[in-house]
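J.: Spelled out from the first residue to the last, the chains are:
Number of protein chains: 8
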Amino acid sequence: MNQEHLRSILQAVAEGSRSVDSALTDLRNLPYEDLEFANLDHHRALRTGVGEVVFGQGKTPEQVAAIVDRFVEQQGRALVTRASPEMVELVRQTHPDARHYEAARLLTVGEFPAPDPQGPFVAVVSAGTSDIPVAEEAALTIELHGARVERLYDVGVAGLHRLLDRRQILWQAAAVVAVAGMEGALATVIGGLVSVPVIAVPTSVGYGASLNGIAALLAMLNSCAPGVSVVNIDNGFGAGVCAYMIVRNQKCE
Amino acid sequence: MNQEHLRSILQAVAEGSRSVDSALTDLRNLPYEDLEFANLDHHRALRTGVGEVVFGQGKTPEQVAAIVDRFVEQQGRALVTRASPEMVELVRQTHPDARHYEAARLLTVGEFPAPDPQGPFVAVVSAGTSDIPVAEEAALTIELHGARVERLYDVGVAGLHRLLDRRQILWQAAAVVAVAGMEGALATVIGGLVSVPVIAVPTSVGYGASLNGIAALLAMLNSCAPGVSVVNIDNGFGAGVCAYMIVRNQKCE
Amino acid sequence: MNQEHLRSILQAVAEGSRSVDSALTDLRNLPYEDLEFANLDHHRALRTGVGEVVFGQGKTPEQVAAIVDRFVEQQGRALVTRASPEMVELVRQTHPDARHYEAARLLTVGEFPAPDPQGPFVAVVSAGTSDIPVAEEAALTIELHGARVERLYDVGVAGLHRLLDRRQILWQAAAVVAVAGMEGALATVIGGLVSVPVIAVPTSVGYGASLNGIAALLAMLNSCAPGVSVVNIDNGFGAGVCAYMIVRNQKCE
Amino acid sequence: MNQEHLRSILQAVAEGSRSVDSALTDLRNLPYEDLEFANLDHHRALRTGVGEVVFGQGKTPEQVAAIVDRFVEQQGRALVTRASPEMVELVRQTHPDARHYEAARLLTVGEFPAPDPQGPFVAVVSAGTSDIPVAEEAALTIELHGARVERLYDVGVAGLHRLLDRRQILWQAAAVVAVAGMEGALATVIGGLVSVPVIAVPTSVGYGASLNGIAALLAMLNSCAPGVSVVNIDNGFGAGVCAYMIVRNQKCE
Amino acid sequence: MNQEHLRSILQAVAEGSRSVDSALTDLRNLPYEDLEFANLDHHRALRTGVGEVVFGQGKTPEQVAAIVDRFVEQQGRALVTRASPEMVELVRQTHPDARHYEAARLLTVGEFPAPDPQGPFVAVVSAGTSDIPVAEEAALTIELHGARVERLYDVGVAGLHRLLDRRQILWQAAAVVAVAGMEGALATVIGGLVSVPVIAVPTSVGYGASLNGIAALLAMLNSCAPGVSVVNIDNGFGAGVCAYMIVRNQKCE
Amino acid sequence: MNQEHLRSILQAVAEGSRSVDSALTDLRNLPYEDLEFANLDHHRALRTGVGEVVFGQGKTPEQVAAIVDRFVEQQGRALVTRASPEMVELVRQTHPDARHYEAARLLTVGEFPAPDPQGPFVAVVSAGTSDIPVAEEAALTIELHGARVERLYDVGVAGLHRLLDRRQILWQAAAVVAVAGMEGALATVIGGLVSVPVIAVPTSVGYGASLNGIAALLAMLNSCAPGVSVVNIDNGFGAGVCAYMIVRNQKCE
Amino acid sequence: MNQEHLRSILQAVAEGSRSVDSALTDLRNLPYEDLEFANLDHHRALRTGVGEVVFGQGKTPEQVAAIVDRFVEQQGRALVTRASPEMVELVRQTHPDARHYEAARLLTVGEFPAPDPQGPFVAVVSAGTSDIPVAEEAALTIELHGARVERLYDVGVAGLHRLLDRRQILWQAAAVVAVAGMEGALATVIGGLVSVPVIAVPTSVGYGASLNGIAALLAMLNSCAPGVSVVNIDNGFGAGVCAYMIVRNQKCE
Amino acid sequence: MNQEHLRSILQAVAEGSRSVDSALTDLRNLPYEDLEFANLDHHRALRTGVGEVVFGQGKTPEQVAAIVDRFVEQQGRALVTRASPEMVELVRQTHPDARHYEAARLLTVGEFPAPDPQGPFVAVVSAGTSDIPVAEEAALTIELHGARVERLYDVGVAGLHRLLDRRQILWQAAAVVAVAGMEGALATVIGGLVSVPVIAVPTSVGYGASLNGIAALLAMLNSCAPGVSVVNIDNGFGAGVCAYMIVRNQKCE
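Chains as they are written, first to last, in our numbering: chain P, 27 to 279; chain C, 27 to 279; chain L, 27 to 279; chain H, 27 to 279; chain W, 27 to 279; chain R, 27 to 279; chain U, 27 to 279; chain Z, 27 to 279.
Treat the hints as calculated values from the structure; they're not laboratory data.
Possibly wrong hints are sitting among the right ones.
Cβ pair distances, simulated, as ranges [what the hints assert, rightly or not]:
1) C:Pro-122 x L:Ile-195: 43 to 51 angstroms
2) L:Glu-115 x P:Thr-86: 17 to 25 angstroms
3) U:Arg-125 x H:Gln-89: 19 to 27 angstroms
Here are a few chain C residues that face chain R, going by a calculated C-beta distance under 7 angstroms [to be verified]:
4) Pro-111
5) Val-231
6) Gly-234
7) Asn-238
Just so it is clear, CB atoms sit at the ideal spot from N, CA and C, and this is done for glycine as well.
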């Protein structure tokens, strides 16, 4: 409820065209509506191009399908992360055009914006072959929001030349998503090379003392390079949203 | 801002004794005020008898003294937990009547309700001598809120008869606060003896594999006795508030 | 053995109708029986309306079925938590009327009290869709004990308006069970909104640094809101019992 | 090689009935043999009645069967712990009389001593139904070594009377093995009741913050009762050996 | 060394105005210089307005003073984080104009850019009084880089209205730094309110199960709100750099 | 209350020399007294030669002194573990003959039994110089209970010959206490050498990944040698009591 | 690109036989190539005899087969660690001569050097039967690089004589790889016996408090024997490479 | 006792120049002496040039001084690690020429070999200023054993060019010690650059989620570069010994 609406109610009361009781009834429910949450949610969808997202993991295919239906009805589209093949199959029964990004475990229904080919881009960098699913989750999340991505995969720091070889791309990126498991050194090395924000994503790739990604997580949190912040283990989607939020602010460049 | 106030504004507008613009200015700030938070805070103070509390630890004596001054002005009194001797000394310069409960590390300024001698009581039980400061923090928190406490100290389960000896008091309590470090078995044994809620407080008493209270905390969380819930290590104040909230609801018995 | 029985023995000895040796034999076994444990257990069942409960997890269907049989014989009914479909199937062979609350993983045999529609109620609040099984375990536990529940599901704090929208229910509750995984912030936000006890239940919902619920558990234990106590990860039953014990004490209101 | 043997070799050399070279060959291998390890191993078997044991877990049925064959040949019998059904089946192909203690997951081939009905006994106490496999592993380990066991199962401290009810047995035991998961309070309560050594065995029974037995392990290590020592989680065999070693030393009583 | 420089060397060789040996000497050092690291470092200083920073903690005052001298010589200024009073005193002997931001534990020597009053701003939000040093470290880091900050302190989520009261500022911010200890719920609540990147800073404020900030760290990593990334415990400086890098990219708006 | 007492009461009632009411009053308090706890405590003191012990750590010198006074009055003597110099000084003001075992941090008042020179002995073995305080705590605890000790110090397994050199003593011991920090391998090596119970005491000696003794604790719990059980980190007293309880049972050998 | 090449380019420019532009094109790509990474990689293959290796775990059989194809093409051979039977089967479809070392989970395609029978050797020592797969991974890694190995399996320190029995081999080794799970004491005992580098490999063999190998890892890191360094849990390959790198440097002895 | 000695004894017995009893006395002590431990220790000193070392931390100055005296008497010299100023002072009272390497916290008494200027060298590399004490401990340990060291300090990977700048030295080293705290990425980057063994030393430099060096330790254990092994946190001495043992084997190159 904006000020204009509020003023019009008061005006009607002042003019006698509306009773005090009737106005009171309207105003009683003001509090939280005027918190502008609804506006916020509306704005968020407008600005991000996607809106709310379904986290598939831990849900049944039936639950996911039902939420997808509701989102498609409300938002015109739906994005599911950590989508299992069973979820994809079930959703496709209702939405035959649902698109499955298998490596990234993403599922989309409806139209999503195409990445802006002129806009700033995010470099999504990953260390090893096994990190690619998480990297793809990040990359596609960014692209589905309408921003551009450059992928630099398999450039782990144990073979430093592979990374340095592509440093020009790193230096042109508006933000970097660094995806690595094991010792997670990639984030620090990149953080030392660029001067834009680096979103580090530890992955659960590794064994033994990798503690399912805790080792990489701790390493990234302790990065001695400034400008590095970290998301949860394997959280490619979260990193993608962070990076998109950063890059979206630069469209006018 | 309650409905009566809202109605009086609308009434004034309807009667023309107030302009739309003037009313609008008042109403613009409605949203959160009408969330009834203020009411809530007011109610809370009325019902609990105390209101907001100062957590002393990690604050400088100067910070504590300043907050105490503000609270005394607003609420007529102040309660400081984890009060150091330095804090006590500084506060007493302004409030010579400040009271220091040394064992419990509590500091009060102003009048607090006396425990109701007819009301239901909380049994505060502790295992060892070193657990007493935390137990006292809980016990006094309850008493300063106006409820009655029975103290059962030094009744650790390694000497079970000490606890069983006082079982009649346990069976009459409306709630129990169980304070123990080391292996924290006290909470489970009490939980098996009573049928009222048990608030378990692990303490950092112990060494080595007690991990500063983590061992007792884990044990209490895994209690095989129903009706046991747990607060943070050494959090006598938190347990006291929980127990008070429970016992307050029984005043009519 | 109550005092009357004791007196009658002594009386018989005084009257010579019973020998000292015969009386001695009876009294030798007095000690623990007179500890009133039996009484306690009897009272507990009377007051809670349920009695002892079977924790299904980690038991074989055969073990569960055997315990259910014994409980039904002794208590007239049985409640199994963490009941697997296999347990349900096996129990139903003997007790065709056994009831399976699938979402909550509960199994009941026999009659349970209906929730008192006039009594105080517990608000069971959960953050996400995946938290519902635990929330339902808590809610049904309360209802099967005869108390009333209001469910507020899917009101995670990342969309604060969903929770605030239903604050009136929160403010009328006699106790709150707050169920959340991931970062567990729900307990603190609710703890700041209400002035009744909040039983927080961390769930294992999440991945990576959620450490199977440890992150939520720690967050809840560190809640900066007073009145919050915590039970084990996914322990909906335990939270339900705690809340029921609290709300039962208010029936006379 | 004892001194008499050594002297006889030297004597033969002195007498010229044996050449220096021949004696040298014998003596070259002296060092470790004279460390009396062989003697030790021989003594151990004699005194313990069992000898070396096969830990089945993590081995293939083929590996286990081969080791069993070797042990039967060397020691006349074999004891396998953590024996899977597959191991039992395979061993029985060669040793049809192999005996499978299913609850305890033990497998024996050959004759073992019967428990001495007059000797001192170990009380094996367990908290819940799910702890029984570990308790049985301990109890049978003791019995297979020839010592007597009294079993006190399902006497968790949440129902203290169940344990106190059988306190006479506890007070007659020469040692106690206390088996419990979850919060592990059983060890401390028993430690406070008896004045003989208590071997505590944490089990992995529990969920969430039980951390697969770590909670019970920590609790037991922090026991405030003296005389309690602890073995690894679920290590019924180890506890059985410890208790047997203690009780064996009392046979002359 | 850019292409133009390289071309001019080759040109000189082609023209005979430079000998092959002389060119070779220049080119031998090409490899890493041409990696453009030097350029990068130069650019970084130009763009960020600050350059390299001294992390005071763990260094002696003498070490810090020496590094400050070198930085002032090279960069014209120096910024020390985690500066102890001893460091400040020593540095001031050489640089009497050194400025000490006591709450933030920062020390500066030389001129730093003033925050741009027209530029986008970062909202630095903190939960409790004890979190202020870390929040100030973040806020001043941003301001010393030349960007604008709005401070929202003492708005912990246990008193939600304090935060909601200032939501307009949150909604105008280009990025948010959320600083909180204990349960760290602040980051999630803010993440649900805004649609710009949130840099979460867990603090070591708390006790017991806060595990020196690990509880808040885990909570923030598991935030169910999108757009939240996390830095190390108490790392106000790192969060400030991240936020500055984000906000710097929006200057043209 | 023993049977004789019970019989005498009944006899008096049968004889009419005592009224039923008077007898009833006596018998009402029977339950726990007849639990024989008092007897147990009495027996414990008789058999162990010491009785209850004061754990000094975490207590004030005043608290310790007061408890010592009470113990001396009740038991004729007192034993304080983890006694600080301040405690010693204060206790000596009242008990000038108090004896301070400095290395072991023990304090005794009154007469303690001398070790039986003919009895079985406990071998107390320690790895390094820094482990000696814990080893001495164990050794003196055993001796003060009246059993004999052989000390084998500084025989860490990195110099295996130092341990093997003294293997004869190990092979004659009735029990072994193995004290080691760092990697705690001593317990396993000894466990493989002897066939009597080994009580392993991890110490907090070490740094970094020793995690204040957790590394040694875990190693000892995972010992591949049978017959090893473990007490808390640095718990020399607990190990001493365990070992004494074992060795006491062998006096008749 | 070495100096000679650089000089020849400059010479050609000086002589006019090459244009500035053509030279520039060559030199533009100098930076990282001249970092001598390519040389390094070339050298590494030459010296180690193997080159890059495929870590199979976490990859699909298809991914592994594709990488094997590329490696065979580039390097003439391929080595896959943690190869699953599915990977072996798929690779064999293209490379029928692929060799599967089943116990070690290694897969090779193409010719590898035979171990030098005259060269120094590495002693690979393992504690238990279940440690053999990791030990074999280390041993074969060394042999496939062309160095000699002596295997000492099943020599855990709980039966010290088994290890001491083979001490001559240990004393002749140029390096030792010590593989052990559970309490990991093997590394320390060996470290005390030899004066060459010991590479310790903790394994995940064990249960309960072994924490999947963390206990052994910590023990090995805290080894009180000098000359011991540690690799990740179950990392037989890594230990093999370390040992090979050490032993390769001794060929001229 | 070698074979020659053994033969000479037997010869004397055969020749009658020695009695059987006299020979027996000699041979009775054979067992462990012939284990060649003494020889080993002798060899170790000869080969390493240093012999046993005193770990100062956790010892009193008096203990250290006493051990130093004994070592000087036995070995002609002594090396103390983690020497406190108090230890230095006390040792100097007896050994005025004792040398204190303050940064490395080492103390030496007597003559040590000078590093061989022609021998292979170890590159000791450290990331930050605060890592220098540990790096110096490693470097001096190597030099005091007689091997050569090249120091590359302050070359953390956040400024990659600083490390690459000195890559020639890295490529000539016979082994590398990589010392780093925080995220410990240095070890992996170096491991990718060289083909000699890298001994990684995590340091406790850092704060918060560095967990006193655990983060760096885990990162190093998970290094994706082959040839990296790890020692305990801050264990510069251990790394130095490892590196020296490696480099000593190359002297003939």
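J.: Taking each numbered hint in turn, which are not upheld by the structure, reported in ascending numerical order?
T.: Those not satisfied are hints 4, 7.
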